[in-house]
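Residues in the sequence shown are numbered from 1 upward in steps of one, following this note's numbering.
Honestly, the hints are just simulated from the structure, not real lab data. Because the structure is a prediction, the values reported are computed rather than measured. Cβ atoms here follow ideal geometry from the backbone N, Cα and C, with glycine treated the same way. Keep in mind that the hints are not guaranteed to be accurate.
[Claimed, not checked] What follows is a set of in silico ranges between Cβ atoms, one per label pair, in the way DEER data are often shown: (1) N101 - D16: 15 to 21 Å; (2) A31 - K57: 18 to 24 Å; (3) S116 - N14: 17 to 23 Å.
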Amino acid sequence: MEMSEKVVLLVEDNDDDRELTLRSFQKNGIANKVIVARNGVEALDYLFCKGAYAGRKIDETPALILLDLKLPKLNGLEVLREIRSNPYTKRTPVVILTSSNEEKDKIESYDLGANSYVRKPVDFDRLLEVTRQLGLYWLVMNEPPPAKTSAPQRHRQPGKV
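Let the hints inform the model, and build the full structure from the sequences given.
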């Protein structure tokens, strides 16, 4: 899959942060389709094909989820917990992209299976560099996990035919 074919799910409620992130992707030449969810419920609806996204195929998971922690309706940690508990999304790379520098948020994010924790820079030039590196690593260099198959594979037990 080419970099531009990989979908990014940006979960961000702050209009300014969302627009700056999208603009920095554009300025860095990251042409991937970006789906925007403005709260935790909307993010889970997209991922699990509910609500406005009921027609989407669940096996078409994003290549990367950029997840803010401070979200309305359902916070980022609750969203992450749901992502990791579902067989279709449990291996999807999730980068926490937040303004929080709270140690407890970092610990809980990693405990719940976040792949990375990145503080949002307040300076646009730094944000440009952060998004360039995130895009380069997660959408180009990183080898994604194999796609989840629809049917569970049967494993034979040791010693049995």
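Results of checking the hints against the structure:
1. N101 - D16: 15 to 21 Å: holds (19 Å)
2. A31 - K57: 18 to 24 Å: Distance hint for A31, K57 holds at roughly 22 Å.
3. S116 - N14: 17 to 23 Å: holds (20 Å)
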